[in-house]
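4 protein chains.
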Amino acid sequence: MLIRYGYEMSFSVAQPTLMVCLLDAHREQSRLLRYETPMLTSPAIPSTTYTDLYGNTVRRFFAPAGDFTISSDAVIEDSGLPEPIFEEAREAPLDQLPNEVLVYLLGSRYCETDKLSEIAWSLFGSTPRGWGRVQAICDFVCGHLTFGYQYARPTRTAFEAYEERVGVCRDFAHLAVALCRCMNIPARYANGFLGDIGVPPDPAPMDYNAWFEVYLDGRWMTFDARHNIPRIGRITVARGRDATDIPLAHSFGPHVLKTFRVWTEEIDASVLQDLKRRTA
Amino acid sequence: MLIRYGYEMSFSVAQPTLMVCLLDAHREQSRLLRYETPMLTSPAIPSTTYTDLYGNTVRRFFAPAGDFTISSDAVIEDSGLPEPIFEEAREAPLDQLPNEVLVYLLGSRYCETDKLSEIAWSLFGSTPRGWGRVQAICDFVCGHLTFGYQYARPTRTAFEAYEERVGVCRDFAHLAVALCRCMNIPARYANGFLGDIGVPPDPAPMDYNAWFEVYLDGRWMTFDARHNIPRIGRITVARGRDATDIPLAHSFGPHVLKTFRVWTEEIDASVLQDLKRRTA
Amino acid sequence: MLIRYGYEMSFSVAQPTLMVCLLDAHREQSRLLRYETPMLTSPAIPSTTYTDLYGNTVRRFFAPAGDFTISSDAVIEDSGLPEPIFEEAREAPLDQLPNEVLVYLLGSRYCETDKLSEIAWSLFGSTPRGWGRVQAICDFVCGHLTFGYQYARPTRTAFEAYEERVGVCRDFAHLAVALCRCMNIPARYANGFLGDIGVPPDPAPMDYNAWFEVYLDGRWMTFDARHNIPRIGRITVARGRDATDIPLAHSFGPHVLKTFRVWTEEIDASVLQDLKRRTA
Amino acid sequence: MLIRYGYEMSFSVAQPTLMVCLLDAHREQSRLLRYETPMLTSPAIPSTTYTDLYGNTVRRFFAPAGDFTISSDAVIEDSGLPEPIFEEAREAPLDQLPNEVLVYLLGSRYCETDKLSEIAWSLFGSTPRGWGRVQAICDFVCGHLTFGYQYARPTRTAFEAYEERVGVCRDFAHLAVALCRCMNIPARYANGFLGDIGVPPDPAPMDYNAWFEVYLDGRWMTFDARHNIPRIGRITVARGRDATDIPLAHSFGPHVLKTFRVWTEEIDASVLQDLKRRTA
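Chains as they are written, first to last, in our numbering: chain U, 22 to 301; chain H, 22 to 301; chain D, 22 to 301; chain L, 22 to 301.
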């Protein structure tokens, strides 16, 4: 299956402003890319990329004063299959976790493990370890929080989401991540493109989503506490300790977001040929 | 000047527990070491070290059930001079900051830049940029917070410290770090050994301290919002985004801290000879 | 398409010996895994993993004296399509290369860029830049070297391969990597599983291969100077500056390799079900 | 003791050329800096810095066509004492080496461990392990090679130096590094400023030098196979697997080095005051 995805964002800044973006498909999926424009900017300015502490590709540029637009368009090959379920996946004994993984057991800006530890153990202490425990956490989070864009608040933490019982996909992910860490299951926050492929169209469509990953059976496995079902065509952009680390766009100084458009949809091969022909 | 420093900590854990410690002098000071025991454990168990995301050396071990003691003793060469003041040190223009430094402008578990940004700009927006601005932040934090061990609370954040107006050295550092980041000055949390060398003995002595570093003139410079004067013989152990990242000792599962002893004192060469002779 | 792949290696060491192995599918492909045994050892011993400088997962263990076997078996989902050709892919202008990529322009143990630079420029200086130039290098290497297992020599460098005109897949990759770097195209050595899927059975079958990657259009793209045609089902294990960095198995002290078996073959879903059932 | 050090290099390039330099004192010594100009360029152009795989600060710039000069001047605090000798320092048992250290046991461009292993074991297999073995390697290298600038050849490897019995400080370091690695002692190549402080003036003075470090007693310790005596005032710039990784200046494309001046000398406090006054 071919999936076309991309974005167009417009900002306005009062003065030249350093910005970083995490919006390209994670480079580990490079081999599946069939088409990708470079990031286009209007007005045209240079940008550079670097790899951050967590292995993500970050785009960095100095936005000129005034209005500014960035965009990209790409096509990726996908199996078209729903994400697999590994019910037998085990937690590693703690003493066998790789060193690199331990940081994903610690607290972070939006995941206050210190405040949620007792709650986590009382809720999940008797669930089966491994995949089943993570699924139990997803089920809990999915039931405990009510989803709604009107509830979005960028400073909301996992503990606040737990108490307020509302949130957007970011809050679902933060709460699930924090609860996993409390249970000594390494967990990291992830985001990327996820369209309504193979599911009924969402009344509140949003092709950019947050989800999370846990470390089971010696590798990172994907979970999604908001949708809480296996999905087709998830395209990871970035991963971090929480949302702090992987902003879609972050400016060092104020900016106004004027437009934000994202697309993720199945296409057929002729569309890919067209795209290639146009840019050749 | 020779400084002897070290620690002895005893824990009790109910079952075998994975632990990590950051207690060795930061390896960047290796060239100044004159003597160092390996970490001793009682009962004797193996431990390994690794380098974390922030460049610190972390010791990792699997503490057996029951009582457990770790200790180390070391001697380091020091200039014996108070820390220099670089009043002319400049902030880099944001677009010239190295990529690696940008993470130290983001929020973190105990440093909610999102909540403190307006406060920071109203307090420090008109101070001179560079060293002077960081000093103004230290002066503010040192005056705004009242120090006291009775105020220690491990979950306290920078914003909470700002509101509660009390704290320990960790809170002083967190608030200063958060305010610097709000002003777009990269700042990181640090801790280590700091004894009463060249200063009147502290009525509340504590040879283990938290402070912070900011990125000026292309390098990291040390500030200490609690003591707020240049000190002699600061021995850095670790640095991170905040205290989350560099616990003296962290167990993945509950532990009881039974004793914690730290020493940092000037010695003369004969003591060093004695130490060497005893362990040869 | 489902591909089953795996390995079984037996060693003999005279005394307990530290070993590292790079034999697991690269973790960036985790999402495509459908089944994976942990590494099994006989006799059973503990092993740990870590991530090396180049982002590979390395398995580390202390092999006991005597005979020792390691093995693993896995199934991965693959598109079943031949690798795409991106004839339009461009080299980045040098001043726009990410910092992280520059190391892949330097010389390394088996890729003496200093000795091959003039040769490279005289051969490829007038070829079209980008994909075409890399393809020209592959065509040259593929024609210049004669393949044969009897020519294997672990100390052979790219320059020596150029002069001797013989080699195994490792030498093809080293020479192509060195020539790309001479032309200022970042190139890294890679290895992994590659079976005869969609190609006539090889008279000299070997399901473990070396190839290389170059940095074009902002991402790493795969080339294979030995086979020099797009292949199906390449499973990357590791990447590095050259073969030094990514040994299948390396012992710190002598070892004798007694058996080495590798498999890579298309399977159907029922085989996967069988494998899962057996280990559940 | 205050040491003033710095450099001035002039290049000529025919067309705009990407360059990287490793010439700043290693940032781990930041705390000892008392004065440092930024890198000055003539004509003035922007430069950026980044941290490489080995923890060094690399300066990167795009040199304009024509003549081009870079320079810097700095003052650092030093204990003024000769480097300590740790005769009791032990090699870690191999299975206790940190993961990060293992790469410094592998071969590299100029250190062919595969070719030197038998030689190393025949020469040093019966020497005492630890500090004594490394010292034996230094003694051997220092005696085996004849030093002379007329012998400089940038492509010379450790094995070639062993056979040719001549070299410059770089060759002394490469041979010692390769021999240590053969003996399973982690070793890395280092370079930096080293003036004739506390030693008779060198008839062939050169204030920029290569040396090496080995991992003993859980930290990196400095050895210098060329001078082979403890020195005063060594200022490390960079470290790597060998000289490939840490060029003073490397251009991606040809350059002509027109002048290269380095200084390293003890100064007194009044000179420091003068320098500061002039740039304030």
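Treat the hints as calculated values from the structure; they're not laboratory data. Among the hints, erroneous ones may be present.
Copies of the same chain are indistinguishable here, so a pair counts whether it falls within one copy or spans any two.
[Stated by the list, open to error] Taking lysine to aspartate or glutamate and the DMTMM-like style, the derived pairs with C-alpha atoms no more than 25 Å apart in a straight line are: (1) K279 - D228; (2) K279 - E139; (3) K297 - E139; (4) K136 - E181; (5) K297 - E109.
Right, here's what the structure says about each hint:
no., hint, result
1, K279 - D228, "within (18 Å within a copy, 52 Å between copies)"
2, K279 - E139, "between (42 Å within a copy, 22 Å between copies)"
3, K297 - E139, "neither (55 Å within a copy, 36 Å between copies)"
4, K136 - E181, "both (10 Å within a copy, 14 Å between copies)"
5, K297 - E109, "between (43 Å within a copy, 10 Å between copies)"
Against the hints set out earlier in the document, a violation occurs for number 3 only.
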